[in-house]
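Top to bottom, those sequences are chains Y and S. For reference, each letter of the first sequence is one residue, going 3 to 190 in the working numbering. For reference, each letter of the second sequence is one residue, going 2 to 83 in the working numbering.
Honestly, the hints are just simulated from the structure, not real lab data. This structure is a prediction, so every number in the text was calculated from the model and none was measured. Hints may contain errors.
Simulated restraints, written as ranges between beta carbons of each label pair [to be verified]: (1) Gly173/Y to Leu6/S: 47 to 57 angstroms; (2) Glu49/S to Phe189/Y: 22 to 32 angstroms; (3) Lys121/Y to Leu13/S: 24 to 34 angstroms.
Which chain S residues face chain Y? A few, computed with CB under 10 angstroms, are given here [claimed, not checked]: (4) Ser11; (5) Ala21; (6) Pro23; (7) Ala29; (8) Asp54.
Every residue gets a Cβ at the ideal spot worked out from N, C-alpha and C, and that includes glycine.
Listed below, chain by chain, are the residues.
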Amino acid sequence: MEATQEITIQELQMQVDALKKKIGKLEKNRKDQLSMAVVSGDMDKILATMVISLAAAAMDTQVKLFFSFWSLSALRDPKKTPKGKDFISKMFGMMLPTGKNKLALSNMNMGGMGPMMMKMLMKKKNVMSLDEMFKQAGELGIEITICEMSMDLMGFKKEEFIDYPNLRFAGAATFVADAGESAMQLFV
Amino acid sequence: MATDLKNLKSDLVVDARGTACPGPLLAAKKAIGELESGEIMEILSADEGTKNDIPRWCDKVGHEYLGFYDEDSFSRLFLIKE
């Protein structure tokens with residue numbers, strides 16, 4: 003009688019341990035974290051990205067932004083002029099916006115009139131500028147990772163990006179790993 | 002409730018009237034560190050969305066949201082730090 007009882011308790015203990023392991027894994031998969039894949043380089047979409055990120059960071063959610071393709075234009079520093087680019091890279095560099103203040107709107111761009119009006123309106127309605135948003139993002143510990151492949155593809159150099167705390171360079175697997183453990187994933 | 006709030010003595014007033022979403026939330030988050038647990042924070046905001054955002058923030062991070070009342074061109078929101 004006693005022997006059977008002991009076995010049952012042991013079995014129970016094993017089952018509890020297995021459950022604990024499973025719960026630990028599940029919890030790790032649903033971190034209070036927001037992962038965003040930012041592909042668009044439109045002013046409105048970068049604005050939305052930053053507003054959502056800042057709100058999340060203010061709510062103590064860890065934020066990880068993965069910048070890829072056209073969004074890289076938003077991270078260029080107009081004051082920095084990298085050397086040693088080949089012809090096509092130079093062309094790309096010339097044709098793409100030099101930084102977050104030169105981005106076009108996805109709608110109502112009107113040859114640059116739209117963004118100008120939008121900036122005026124933002125000022126009037128007390129909406130933070132993109133410069134201010136990036137500054138706050140840095141202070142709140144929002145992580146920005148630049149997709150190395152798109153950077154190479156478009157001929158950008160690491161030296162031409164903005165000064166941002168812990169700006170990182172990585173590949174798609176980094177985003178997949180970050181997104182996999184985040185409770186929220188967004189694609190912009 | 003509104004009359005109760007009007008008699009409330011805040012330990013810290015955060016004036017975020019000069020900034021739109023998510024400015025007031027950021028201002029509140031930054032200022033909350035200056036308070037001790039159980040102290041009252043008052044947020045002044047002219048951004049309508051903030052009235053929904055601050056209670057959600059409190060819910061998530063554990064502060065006790067007390068409510069708000071409107072002034073002419075802005076609102077006063079109150080919470081107790083966790």
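Now for the hints, and whether the structure bears them out:
{"no.": "1", "hint": "Gly173/Y to Leu6/S: 47 to 57 angstroms", "in the structure": "52 angstroms, holds"}
{"no.": "2", "hint": "Glu49/S to Phe189/Y: 22 to 32 angstroms", "in the structure": "28 angstroms, holds"}
{"no.": "3", "hint": "Lys121/Y to Leu13/S: 24 to 34 angstroms", "in the structure": "33 angstroms, holds"}
{"no.": "4", "hint": "Ser11", "in the structure": "20 angstroms, violated"}
{"no.": "5", "hint": "Ala21", "in the structure": "5 angstroms, holds"}
{"no.": "6", "hint": "Pro23", "in the structure": "4 angstroms, holds"}
{"no.": "7", "hint": "Ala29", "in the structure": "8 angstroms, holds"}
{"no.": "8", "hint": "Asp54", "in the structure": "7 angstroms, holds"}
Hint check: a violation occurs at hint 4 only; the rest are consistent with the structure.
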